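S.K.: Sequence:
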Amino acid sequence: MALHHALGAIVVLTCFLCYHNSYYCGFVFDDISAIKENRDLRPHSPLINIFFNDFWGTPMHKVCRTQKLSSY
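Throughout the sequence shown, residue numbering follows the working numbering, covering 2 to 73 in sequence.
Bear in mind the hints are in silico, worked out from the structure with no lab data behind them.
Please read these numbers as outputs of a predicted model, since none were measured by experiment.
Careful: at least some of the hints might be erroneous.
Below 25 Å or equal to it, Euclidean Cα-Cα: the simulated SDA-like pairs (lysine to any residue) are [stated by the list, open to error]:
1. Lys37 to Pro60
2. Lys37 to Gly58
3. Lys37 to Tyr20
4. Lys37 to Asn50
5. Lys37 to Gly27
6. Lys37 to Met61
7. Lys37 to His6
8. Lys37 to Leu14
9. Lys37 to Leu48
10. Lys37 to Phe53
11. Lys37 to Ile51
Taking CB as the label site, the calculated pair distances span [stated by the list, open to error]:
12. His45 to Leu4: 41 to 47 Å
13. Ser46 to Leu14: 34 to 40 Å
14. Met61 to Val29: 33 to 39 Å
Idealized CB from N, CA, C, for every residue including glycine.
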(Lines of atoms letter the chains of each structure in order from A; the text may use other names.)
(Lines give C-alpha, C1' and ligand atoms only; values in the text may rest on other atoms or scores of the structure.)
Protein backbone atom coordinates (compact mmCIF):
# COMPACT_ATOMS: atom_id res chain seq x y z
CA MET A 2 0.00 0.00 0.00
CA ALA A 3 2.83 2.38 0.82
CA LEU A 4 4.37 1.61 -2.58
CA HIS A 5 1.15 2.70 -4.31
CA HIS A 6 1.16 5.99 -2.41
CA ALA A 7 4.81 6.57 -3.22
CA LEU A 8 4.26 5.88 -6.93
CA GLY A 9 1.22 8.15 -6.92
CA ALA A 10 3.23 10.92 -5.30
CA ILE A 11 5.96 10.49 -7.91
CA VAL A 12 3.42 10.79 -10.74
CA VAL A 13 1.85 13.91 -9.22
CA LEU A 14 5.25 15.50 -8.61
CA THR A 15 6.40 14.70 -12.15
CA CYS A 16 3.25 16.24 -13.63
CA PHE A 17 3.68 19.32 -11.50
CA LEU A 18 7.33 19.72 -12.53
CA CYS A 19 6.49 19.31 -16.22
CA TYR A 20 3.65 21.84 -16.26
CA HIS A 21 4.41 24.27 -13.43
CA ASN A 22 5.53 27.06 -15.79
CA SER A 23 2.19 27.01 -17.64
CA TYR A 24 -0.14 27.33 -14.63
CA TYR A 25 -0.32 31.12 -14.78
CA CYS A 26 -0.39 31.53 -18.57
CA GLY A 27 -3.50 32.71 -20.37
CA PHE A 28 -5.42 31.04 -23.15
CA VAL A 29 -3.74 30.94 -26.55
CA PHE A 30 -4.73 30.28 -30.17
CA ASP A 31 -7.93 28.18 -30.18
CA ASP A 32 -8.30 27.77 -26.39
CA ILE A 33 -10.90 30.52 -26.20
CA SER A 34 -13.15 28.90 -28.79
CA ALA A 35 -12.48 25.36 -27.55
CA ILE A 36 -13.02 26.07 -23.86
CA LYS A 37 -14.72 29.40 -23.17
CA GLU A 38 -17.11 29.48 -26.15
CA ASN A 39 -17.75 25.73 -26.48
CA ARG A 40 -21.50 25.11 -26.48
CA ASP A 41 -21.01 21.51 -25.30
CA LEU A 42 -19.58 22.74 -22.00
CA ARG A 43 -22.67 24.72 -21.02
CA PRO A 44 -24.78 23.35 -18.13
CA HIS A 45 -27.95 23.23 -20.23
CA SER A 46 -26.32 21.23 -23.06
CA PRO A 47 -26.91 17.45 -23.05
CA LEU A 48 -23.79 15.41 -22.30
CA ILE A 49 -24.41 13.19 -25.35
CA ASN A 50 -23.50 16.14 -27.60
CA ILE A 51 -19.79 15.66 -26.90
CA PHE A 52 -19.92 12.48 -29.00
CA PHE A 53 -21.36 14.20 -32.05
CA ASN A 54 -19.66 17.61 -32.00
CA ASP A 55 -16.04 18.51 -32.60
CA PHE A 56 -13.68 20.01 -30.02
CA TRP A 57 -15.17 23.48 -30.51
CA GLY A 58 -18.79 22.43 -29.96
CA THR A 59 -19.90 22.54 -33.60
CA PRO A 60 -21.49 19.56 -35.37
CA MET A 61 -19.08 17.20 -37.12
CA HIS A 62 -19.82 15.75 -40.50
CA LYS A 63 -19.55 12.02 -41.27
CA VAL A 64 -17.31 11.02 -38.34
CA CYS A 65 -18.30 10.52 -34.72
CA ARG A 66 -16.00 12.23 -32.20
CA THR A 67 -15.21 8.93 -30.45
CA GLN A 68 -14.07 7.44 -33.76
CA LYS A 69 -11.90 10.45 -34.42
CA LEU A 70 -10.32 10.34 -30.97
CA SER A 71 -9.72 6.60 -31.09
CA SER A 72 -7.81 7.00 -34.35
CA TYR A 73 -5.09 8.93 -32.54
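S.K.: Run every hint past the structure and note whether it holds.
M.R.: Results of checking the hints against the structure:
1. Lys37 to Pro60: holds (17 Å)
2. Lys37 to Gly58: holds (11 Å)
3. Lys37 to Tyr20: Between Lys37 and Tyr20 the Cα gap is close to 21 Å, so the pair holds against 25 Å.
4. Lys37 to Asn50: holds (17 Å)
5. Lys37 to Gly27: holds (12 Å)
6. Lys37 to Met61: holds (19 Å)
7. Lys37 to His6: violated (35 Å)
8. Lys37 to Leu14: Roughly 28 Å between the alpha carbons, so the hint for Lys37 and Leu14 is violated.
9. Lys37 to Leu48: It holds: about 17 Å lies between the C-alpha atoms, which stays within 25 Å.
10. Lys37 to Phe53: holds (19 Å)
11. Lys37 to Ile51: holds (15 Å)
12. His45 to Leu4: 41 to 47 Å: holds (45 Å)
13. Ser46 to Leu14: 34 to 40 Å: holds (36 Å)
14. Met61 to Val29: 33 to 39 Å: Check failed, 24 Å falls outside 33 to 39 Å.
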